[in-house]
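Enquirer: Protein chains in written order, with my numbering: chain A, 1 to 247; chain B, 1001 to 1596.
FYI, nobody ran anything at the bench for these hints, they're computed from the structure.
None of these values were measured; they are calculated from a predicted model.
Check the hints yourself; a few may be wrong.
[Unchecked claim] Partner residues are not named here, just some residues of chain B that face chain A (Cβ under 7 Å, in silico):
{"#": "1", "residue": "Lys1044"}
{"#": "2", "residue": "Leu1107"}
{"#": "3", "residue": "His1147"}
{"#": "4", "residue": "Phe1516"}
[Unchecked claim] Lysine-lysine pairs mimicking PhoX-like chemistry, simulated, CA-CA at most 20 Å apart:
{"#": "5", "chain 1": "A", "residue 1": "Lys144", "chain 2": "A", "residue 2": "Lys213"}
{"#": "6", "chain 1": "B", "residue 1": "Lys1435", "chain 2": "B", "residue 2": "Lys1188"}
{"#": "7", "chain 1": "B", "residue 1": "Lys1506", "chain 2": "B", "residue 2": "Lys1571"}
{"#": "8", "chain 1": "B", "residue 1": "Lys1297", "chain 2": "A", "residue 2": "Lys126"}
{"#": "9", "chain 1": "B", "residue 1": "Lys1068", "chain 2": "B", "residue 2": "Lys1297"}
{"#": "10", "chain 1": "B", "residue 1": "Lys1564", "chain 2": "B", "residue 2": "Lys1544"}
{"#": "11", "chain 1": "A", "residue 1": "Lys144", "chain 2": "B", "residue 2": "Lys1345"}
{"#": "12", "chain 1": "A", "residue 1": "Lys117", "chain 2": "B", "residue 2": "Lys1151"}
{"#": "13", "chain 1": "A", "residue 1": "Lys31", "chain 2": "B", "residue 2": "Lys1356"}
{"#": "14", "chain 1": "B", "residue 1": "Lys1557", "chain 2": "B", "residue 2": "Lys1571"}
{"#": "15", "chain 1": "B", "residue 1": "Lys1112", "chain 2": "A", "residue 2": "Lys144"}
{"#": "16", "chain 1": "B", "residue 1": "Lys1356", "chain 2": "A", "residue 2": "Lys217"}
{"#": "17", "chain 1": "B", "residue 1": "Lys1557", "chain 2": "B", "residue 2": "Lys1544"}
{"#": "18", "chain 1": "B", "residue 1": "Lys1345", "chain 2": "A", "residue 2": "Lys217"}
{"#": "19", "chain 1": "B", "residue 1": "Lys1281", "chain 2": "B", "residue 2": "Lys1068"}
{"#": "20", "chain 1": "B", "residue 1": "Lys1068", "chain 2": "B", "residue 2": "Lys1298"}
{"#": "21", "chain 1": "B", "residue 1": "Lys1280", "chain 2": "B", "residue 2": "Lys1298"}
{"#": "22", "chain 1": "B", "residue 1": "Lys1297", "chain 2": "B", "residue 2": "Lys1281"}
{"#": "23", "chain 1": "B", "residue 1": "Lys1151", "chain 2": "A", "residue 2": "Lys16"}
{"#": "24", "chain 1": "A", "residue 1": "Lys217", "chain 2": "A", "residue 2": "Lys144"}
[As the list claims (entries may be wrong)] Take a look, some chain B residues computed to stay more than 10 Å from chain A by CB distance:
{"#": "25", "residue": "Glu1008"}
{"#": "26", "residue": "Ser1265"}
{"#": "27", "residue": "Thr1487"}
{"#": "28", "residue": "Asp1553"}
{"#": "29", "residue": "Ala1588"}
Backbone N, C-alpha and C fix where the C-beta goes; we use that ideal spot for every residue, glycine too.
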Amino acid sequence: MVDRITVEVARYRPEKEAEPSFQAYEVPCRKDWVILDGLNHIKDHLDGTLSYRWSCRMGVCGSCGMTVNGEPKLTCATFLADYAPGPLRVEPLRNFPIIRDVIVDIDDFMQKLSAVKPWLIRDAEKPLAEGEYRQTPAQLDEYKQFSMCINCMLCYSACPVYGLDPEFIGPAAIALAQRYNLDSRDQGARQRDEVLSKHEGIWSCTFVGECTKVCPKHVDPAGAIQRYKLSSAMGSVKDFLMPWRGK
Amino acid sequence: MAEYETHEHDVLVIGAGGAGLRAAIESSAHGADTALICKSLLGKAHTVMAEGGIAAALGNVWPDDNWKVHFRDTMRGGKLLNNWRMAQIHAQEAPDRVLELEEWGALFDRTKDGLILQRDFGGHRYARLAHVGDRTGLEMIRTLQQHAVHKGITVYMECTLVSLLKDGDRVCGAFGYWRESGKFVVFKAKAVVLATGGIGKAWEFTSNSWEYTGDGVAMALEAGADLIDMECYQFHPTGMVWPHSVRGILVTESVRGDGGVLRNSSGRRFMFDYIPEFFKKETADSEAEADRWYTEKKNNRRPPELLPRDEVARAINSEVKAGRGSPHGGVFLDIATRRDPETIKRRLPSMYHQFKELADVDITTTPMEIGPTAHYMNGGVRVDGEGSATAVPGLFAAGEVAGGLHGANRLGGNSLSDLLVFGRRAGAYAADYAKSVKGPLPVAAGRLEALAREALAPFDPGGTENPYLLHQELQRTMQSDVGIIRTEHELRRAVEKIGELRARLKRVRVEGHRQFNPGWHLALDLRSLLVCAEAVARAAIERKESRGGHARDDHPKPDPAFAKVNMVVRKDGEALRVSAEPIGEMPAELKALLEG
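Could you put together the complete structure from these sequences and hints?
Expert: Put into structure tokens, the structure is as follows:
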């Protein structure tokens, strides 16, 4: 006999409800089941109308982020049994508008990512015939960690600054900007600077580090933010002392 | 006539994995107003899950490598069923596509000198796969996605298309629905590129996610395109077999490329017992030679663990059937005794975490349990080798949905390169074709209303069938009767069962609202998936031999009579018809490359 666990899932059906509510389902609590297996069990056997996003089941697509007992988690990488005997609560990621059940609106997040110009910026393009840009393994290690982001949005859900001020460009976008700023092939740090420093948000980040704690890929957005602040402050000092720099 | 939300573009690209993104980028660069449709969210398509790397004869690690060797490896891996022109173009253009990706910002692991590093993979003579750790697909899709956004391409997310629209013979758009609202939407376009990926959700144990239900294959077939080589479906040799809930999830071939070996329950490296005649000359016959090959390729032959995937998958299947499998019904993949923990973690970080987190196995100390998993559609929609055009004017196809390049079996690493090479070509040719189309894009009266009515049928009261249960029955049938080893009797049983499921699907019933309704989405996806499953089973009946991904217990050997024909599937009313059609003769200069 397999143990069972009660999962309370946030339901929101805007065509008939003004507010989200919880619906409880009892699912098998198998040792090897992640929370996503529990949700799929509900969808396939108990209630075919439950809406949520998921895809790869292996922690790389970043679709299945939800709030589990108050914490943002990838549900494909979080075991049901860790919440035994239950009940456990599954809610949408926080800080985003809810569309239906546990599905949230991601438009703002997508716009923030592209706002930091996440592509190689070069003064002049190089013809393909010249081969690749040379980059040593050591130069690669400078920014590799910031490239591991799977856009799962857990860091935005955990970020107290973004929660209060949706204008804040946010942890993943700053880490993404740093992924390019620190890339030895890139020459676009100044252009990204204009985006990052446009808003006060980055200075209101108090380095609570919630973003880094919840990141399933160890991208360390908090580290990226600190590093950016430092280099940006240094840049301002240099601009003051050497106004001809970068002209 | 009901009014549907309508968008009009020059070129519509359906599918936003590597092929779709690359096609959209190229189409837009050719001056066409281009739109890209994602079934899920941008950046989440299956390409994101690709691990090993992009095959391209850059020659960065082994200067002797060149397109001719890559061409030869690809053709031999495909047991010569490949569209040789595609294999040639692919081998010639892959290096530039990798360099282009690098120029757009993709990061790659590097050699000491700062060149793009390349790794060994099955069936490739030289270390050829450009990669970053074991998450190459993630880096590739991010780079393409950001480049596409940078170039201002219109992206429509969470939109499923259910049918192409035609004006006479030519394609003029597509019809579908927004997953979010459930409302219908019409896209009018002068040209359409299909980049919808594969059909892996037809099987029970699969590396594919929910999206891979063959929508593009079914839409193309319905519109009048041909399918080829559907019987040669690829089972990847190494999927997780345990825990059960993650069964089928991919374990990258890089594990073997980086030195991992396969062992049975008695610890024997059994692949030495399964070297086929076709690959004897290029495969090591002793452990000592196999182990030397990783560092000295000139005088040593490739380890049998790096035979093409079809050979390895069948060997694993035989070991398990002979009672020499692992406790959970697979075999052992051992890298722990072969490489030191630091190397393993550096080269295979995702695998290390995947096994640690999902199976509580430390792969630096313990062998993995693995077994074959449904992975990739080697065949697909038949296209012209140059420009990826299908038989339907205005309809192009690239990536997994298109057939030809891989013949009877795809080599690992040739998929990501395929996406780039033929994604780009499909985008360019589609944009050029679109320029030749003038005037309005009319849709026949009543056509949209009929499509809408069909799509809403699952909400009609009176239906009794549950879409999840129908899907489960299909997956069980395909797993048991259209799996790695087939017989005519089982294949016919599968065709019959699929027919029964198609009839029952007409009585499917879903509950709830149209907004984000997973039951309804599955009911619509199943229409495509059942057609694809039937195409595989019917083509498999007709190929009465064993070749590449298609293995028959009742015809266990390759038969010269089938060596130079493709099985072609077409739609004839509601029925699918299969015919054997000859492959064009290969030019002498390409034939010469196959020797040696």
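Enquirer: Each of the hints needs a verdict: does it hold here or not?
Expert: Hints versus structure:
1. Lys1044: 5 Å, holds
2. Leu1107: Status holds, d = 6 Å.
3. His1147: 6 Å, holds
4. Phe1516: 4 Å, holds
5. A:Lys144 / A:Lys213: 19 Å, holds
6. B:Lys1435 / B:Lys1188: With Cα atoms ~15 Å apart, Lys1435 of chain B and Lys1188 of chain B stay inside 20 Å; holds.
7. B:Lys1506 / B:Lys1571: Holds. Lys1506 of chain B to Lys1571 of chain B sits at ~19 Å (cutoff 20 Å).
8. B:Lys1297 / A:Lys126: 33 Å, violated
9. B:Lys1068 / B:Lys1297: 17 Å, holds
10. B:Lys1564 / B:Lys1544: 13 Å, holds
11. A:Lys144 / B:Lys1345: 15 Å, holds
12. A:Lys117 / B:Lys1151: 11 Å, holds
13. A:Lys31 / B:Lys1356: Given pair Lys31 of chain A, Lys1356 of chain B holds - Cα atoms ~15 Å apart, limit 20 Å.
14. B:Lys1557 / B:Lys1571: 30 Å, violated
15. B:Lys1112 / A:Lys144: 16 Å, holds
16. B:Lys1356 / A:Lys217: 14 Å, holds
17. B:Lys1557 / B:Lys1544: 9 Å, holds
18. B:Lys1345 / A:Lys217: Since the Cα atoms of Lys1345 of chain B and Lys217 of chain A sit roughly 14 Å apart, the hinted pair holds (cutoff 20 Å).
19. B:Lys1281 / B:Lys1068: 18 Å, holds
20. B:Lys1068 / B:Lys1298: 17 Å, holds
21. B:Lys1280 / B:Lys1298: 16 Å, holds
22. B:Lys1297 / B:Lys1281: 14 Å, holds
23. B:Lys1151 / A:Lys16: Not OK: Lys1151 of chain B and Lys16 of chain A at ~40 Å, beyond 20 Å, violated.
24. A:Lys217 / A:Lys144: Answer holds: Lys217 of chain A to Lys144 of chain A is near 12 Å, not above 20 Å.
25. Glu1008: With a cut-off of 10 Å, Glu1008 of chain B remains clear of chain A, as the shortest Cβ separation is near 23 Å.
26. Ser1265: Since the minimum Cβ distance to chain A is about 22 Å, Ser1265 of chain B lies beyond 10 Å and the statement holds.
27. Thr1487: The claim holds: Thr1487 of chain B sits with its nearest Cβ about 31 Å from chain A, beyond 10 Å.
28. Asp1553: Consistent with the label, Asp1553 of chain B stays out of reach of chain A, its closest Cβ about 32 Å off (over 10 Å).
29. Ala1588: About 30 Å separates Ala1588 of chain B from the closest Cβ of chain A, which puts it past 10 Å; holds.
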